[in-house]
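A.B. asks: For chain A, the structure is supplied; the task is to place chain B on it using the hints.
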Amino acid sequence: MEGIDHRMVSVNGITLHVAEKGPKEGPVVLLLHGFPDLWYTWRHQITGLSSLGYRAVAPDLRGYGDSDSPESFSEYTCLNVVGDLISLLDTLFAGDVFLVGHDWGAIIGWHLCLFRPEKIKGFVCLSVPYKPRNPKVKPVQGFKAVFGDDYYICRFQEPGKIEGEIASDPRRFLRSIFTGRTLGPPILPKNDPFAENPKPDYESIELPKWFSKEDLDFYTSKFDKTGFTGGLNYYRAMDLNWELTAPWTGAKIQVPVKFMTGDFDMVYTTPGIKEYIHGGGFAADVPNLQEIVVIEDAGHFVNQEKPREVTAHINDFFTKLQNKNKSF
Amino acid sequence: MEKIEHTTVSTNGINMHVASIGSGPVILFLHGFPDLWYSWRHQLLSFATLGYRAIAPDLRGYGDSDAPPSPESYSILHIVGDLVGLLDSLGVDRVFLVGHDWGAIIAWWLCMIRPDRVSALVNTSVVFNPRNPTLKPVDAFRALFGDDYYICRFQEAGEIEEDFAQVDTKKLITKFFVSRNPRPPCIPKSVGFRGLPDPPSLPAWLTEQDVSFYGDKFSQKGFTGGLNYYRAMNLSWELTAPWAGLQIKVPVKFIVGDLDIVYNIPGTKEYIHDGGLKKHVPFLQEVVVMEGVGHFLQQEKPDEVTDHIYGFFEKFRTRETASL
Chain A
1 MEGIDHRMVS VNGITLHVAE KGPKEGPVVL LLHGFPDLWY TWRHQITGLS SLGYRAVAPD
61 LRGYGDSDSP ESFSEYTCLN VVGDLISLLD TLFAGDVFLV GHDWGAIIGW HLCLFRPEKI
121 KGFVCLSVPY KPRNPKVKPV QGFKAVFGDD YYICRFQEPG KIEGEIASDP RRFLRSIFTG
181 RTLGPPILPK NDPFAENPKP DYESIELPKW FSKEDLDFYT SKFDKTGFTG GLNYYRAMDL
241 NWELTAPWTG AKIQVPVKFM TGDFDMVYTT PGIKEYIHGG GFAADVPNLQ EIVVIEDAGH
301 FVNQEKPREV TAHINDFFTK LQNKNKSF
Chain B
1 MEKIEHTTVS TNGINMHVAS IGSGPVILFL HGFPDLWYSW RHQLLSFATL GYRAIAPDLR
61 GYGDSDAPPS PESYSILHIV GDLVGLLDSL GVDRVFLVGH DWGAIIAWWL CMIRPDRVSA
121 LVNTSVVFNP RNPTLKPVDA FRALFGDDYY ICRFQEAGEI EEDFAQVDTK KLITKFFVSR
181 NPRPPCIPKS VGFRGLPDPP SLPAWLTEQD VSFYGDKFSQ KGFTGGLNYY RAMNLSWELT
241 APWAGLQIKV PVKFIVGDLD IVYNIPGTKE YIHDGGLKKH VPFLQEVVVM EGVGHFLQQE
301 KPDEVTDHIY GFFEKFRTRE TASL
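Protein sequence lines, in the order shown, are assigned to chains A and B. The numbers in the UniProt record's numbering rise by one with no breaks, and the one at position 326 of the first sequence is 326. The numbers in the UniProt record's numbering rise by one with no breaks, and the one at position 5 of the second sequence is 5.
So that you can see chain B by itself, here it is in the shape it has in the complex:
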């Protein structure tokens, strides 16, 4: 871990903390909520030995990167703008891209609006959902799953932060990371996240040191930065009207754990396996469902995930020109 370099890059009006290691074609790793560059610690070390340069930022709102206060600063366009600025400052024309959770959403959109900057994408957990022309995303979730659906509960500024604050941060992170319940997370206000059951013990893939690392960072930063991504979902919908109906034209491999909460949202399996995803992502080349694996697949089964990513990018490597 000491070999990982930590730098601060000025991009798109913010300071972005970036972890990087290795030399070769660049892979950009995008974490989700509530996560950090650290999610990719295993991949960073592995890919450095495999002849790639692995780069994992703390996205805007997280960890050691800046966190502007207002949700209006967290549209997809802002985050993609940060990443394009990052690539420009590194002098990288085209990258290999890996995304997880919110990072997967950002990755889909980077491919949609700047396909010229991405050679290939391995995306995990969260599929690309085409824009509904008449129904905003938060409104759609509310209609489908009710007011207690976690995305709806995250909307009101300050409200869920108050709920989170009632739980020790390390415990809260553990609750998020270790949940194996595949039902859509609905958390009534009376129960709150504080009311979620304490995990009996840490799984093998998450150590005390890991939990302390996350706990420290989120105690310092709070969760508002990360929550602002959810609060900007309807705004992002408005602003992405120009790409309504457009396909994503980048080669893609999609990986998800069969116990992932997201994979088990009603309709998702059919969408992935019966051609829905492929209709919107015509160059979707491989879909991998990892058995017995939950949401944080890159931490739960790091070597397998690394192998999947490596195998896919190696196919494109001979054509890849950007090397650092």
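Extracted from the complex, chain A is given alone in its bound form:
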């Protein structure tokens, strides 16, 4: 963790906390975390990529960690968040960048590729594939229809509700998120939201090798301070985001993409997703999808669970793209 620079940058009307490491003249890699996560998720990639000559840049996205958390959920659409990131890129770096996104960071990444494709040399997307906007179905309604009322995204909608239920104990919530092994769509029953997750004497249960007590302490310290509302606001803005991204209905992603997932990631194991990823649908929507990698024996937080493999894959892809450009 030494050698990581931390700074506060004024962007798009807010202040973002940004962690950075690597040679100033190195190609920039912008790393975007998800929910409920932080720049810290990329600690291994920051170390690895910087030692390979990249300039690794990992912000706390708006609503998280040491960055600002605007009040209203309406300020958490992809338009707002991509606005932050474009402002960050324009302030700190010239030209185009490499992009890595995980979970919500992957969704933001897809939108960054839609809105400003010329800014992105290549995108390594972890866990969440792209789905073009469906003009007929609002996202939350769609999830409810397929997975029911207790699907986590539906349970996250009402402001304040899930905060009261499970996010009132950040450490417990974070533990269950990072160590959860349940496959398929996360369902949070109203009377028993932690259903398949650590039981009451949870502190005695061993943490996995890749997630230490110090890691849990770090996350807990940050989320104790901010709570989860900032992160939850991304979900609460999904329908609004759908409304505002009408201009990109059905649009394809043109940027070169590498997609990676752990083989028991709850997204990858949600019904329909494997077929979409491997059956050609994904490639049709992302014509420049160059590689699909399924990492064995890894769950949702693949960048933390198999850090060296993920870093190597990222470097592999970006090197390939750079060499392709050089040959001209």
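To be clear, the hints were calculated from the coordinates, so they are not data collected in a lab. Only a predicted model underlies this, so the values are computations on that prediction, with no experimental measurement involved. Among the hints, a few may not be true.
Some chain A residues near chain B, calculated using beta-carbon distances under 8 Å [as the list claims (entries may be wrong)]: (1) 82; (2) 86; (3) 116; (4) 270.
Quick list of in silico lysine-lysine cross-link-like pairs, DSS-like style, CA-CA up to 30 Å [to be verified]: (5) B/249 / A/324; (6) A/121 / B/279; (7) A/225 / A/213; (8) A/24 / A/274; (9) A/138 / B/221.
Even glycine gets a Cβ: it sits at the ideal position worked out from N, Cα and C.
C.D. replies: Frame of chain A, contents of chain B only:
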């Protein structure tokens, strides 16, 4: 006029009334405030004879199209979403685009965020203004021209509607259309739009039938739909942060009348002629200033405007693939 087809297209959650005529590469015409598809009546008829398919919608909030009640439904993203949906429903990949007034603003943004859907743009009256990173547009107008500047007077929901309601709609439309005063329109509350001088007579280019058409449509619909575009300006500014500093990369021809109120806003002439506009629109190929012409150029000098549009699009026509 009877040859013009009128259809209703379902797009982006609204019903959109569309006037169209002709066959060939598609030209999409976007009207402004307070206007309608009808603004383009001359161009629709002309381009049908010139081998194009001309399409002019009533934009969201106007005429025979739906008008959602809240200003939050009138951001640039909503309107561009309507138009992309319209193109998708027509099966048109790329269009020729023409804009006027608010339609010009929408046209600039369609080119900015979906340049892949536009072959070339002829825009009129309103230049592209780059996004100020720290100052919202309505706040900027207020600082520059004061609270009585028309855009500021349009902000408060219901307020200006009450002022408008005190004037016969046909008379109000005529006041808007016939104004030749090139100074930035500041209308103190004590005076109101009702206090604007009555035009002595109709100009040659605006007939009684035209005024009745507009009067009927706006009596029916009201002005709130159109006013909501102004009320959503600051929201649009917030939502277009991702494109801050980005140039518009579509071939453009820009036309404006030298008596147009917009052309005479301080700083605008210099911006257009001294390289400012070109910096943000690098493929700006031609700028035309029409002498003795006011804001509604496509109605005041229809044949000239048609010729300008035709001449420009013909340059790109051989490469154009979308034909209906």
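A.B. asks: Of all the hints given earlier, name the ones this structure violates by number, lowest first.
C.D. replies: Violated: hints 4 and 8.
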